[in-house]
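The first sequence begins at 1216 in our numbering and counts up by one.
Keep in mind that a hint or two might mislead.
[As the list claims (entries may be wrong)] The calculated label-pair distances, taken between Cβ atoms and stated as ranges, are:
# : residue 1 : residue 2 : range
1 : E1426     : D1280     : 33 to 41 Å
2 : L1316     : G1459     : 40 to 48 Å
3 : E1336     : R1451     : 23 to 31 Å
Simulated from the structure, these hints should not be mistaken for lab results.
We put the beta carbon where it would ideally sit given N, CA and C, even for glycine.
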Amino acid sequence: MPELPEVEVTRLGVQSKFAGQRLSAVQVRQPRLRKPVPTDALTRLAGEVLRGTSRRSKYLLLQFDSAQVMVHLGMSGALRVVPSDSAWQLHEHVQLSFGDLALRLHDPRRFGSIDCIAAHEDLNAHASIRGLGVEPLTPQFTPATLYRASRGRQQNCKSFLLAGQAVVGVGNIYASESLFRAAIRPGRAAGRLSLQDCERLHQAIVEVLSEAVAAGGSSLRDFSGVGGELGHFQTRAFVYDREGQPCRRCATPIRRQVHGQRSSFVCFTCQPR
DNA sequence: AAGCTGTCCTGAAAGC
DNA sequence: TGCTTTCAGGACAGCT
């Protein structure tokens, strides 16, 4: 399931394959994703050059002169590079062609989305971007970010991280992994974190996300890079999806808990409170 | 206002 | 064996 590292790995692939190239055609085979695909607005971009790529939280941004295309991979989405004239495979919904090669969105569960934001619109005012917390892999993210944002919160730490109001891009896998490395139980109230806890958690989040980007992301079910290459961070996970298996640090069986209707994985020995 | 719950969707796994 | 049910998850609307 794509979280920040998977989106970043995808972005790097798109950037290296297609930056500077001209968008020659747009095809929408299945417009019913999480939100309706803006087929007309996308089609009008044909003929423009892909100037560059960026990312905000888990949104991948493709910059053209008159607009930027905002892609979210949902939980099963991936962008693939394919020959422009190749036959459509099951669950491939949208194609952006750049001459002979094209980028195709493959998303079995269709939780992904594609939006088109005109150049004159302020990205930060967009409904999906407004209200998001700081980017974790920037200097703006500090222990104080977490400490301040968590004051007065009754919510558990796991849901607090997933909510994205303090820091963005940390999804279910990396939240469990970060809390393990910071020795904090996911069920603890966020408001009860000490500054020292926030220092460890900050460091853990930065490390986990950076390592995951370097590992090509986590390929648990559907994710792959644009060339189909699989990430391998999941083989290094200490707790995620390891219920009943021995903790890699102390051999205590990993337990599964549910917070906010999402699975959390925890070692009760390494995460004492 | 913060923080729950339900919804979207499909494939895999579990249950019968 | 084969059908049915359950579960997983990110974002967000709609509640309380």
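A quick look at each hint next to the structure:
1. Against the hinted window of 33 to 41 Å, the Cβ-Cβ separation of E1426 and D1280 comes to about 36 Å, which satisfies the hint.
2. Look at L1316 against G1459: about 44 Å separates their beta carbons, and that is inside 40 to 48 Å.
3. Between E1336 and R1451, the C-beta spacing of about 40 Å breaks the proposed range 23 to 31 Å.
Checked against the numbered hints above, the structure violates only hint 3.
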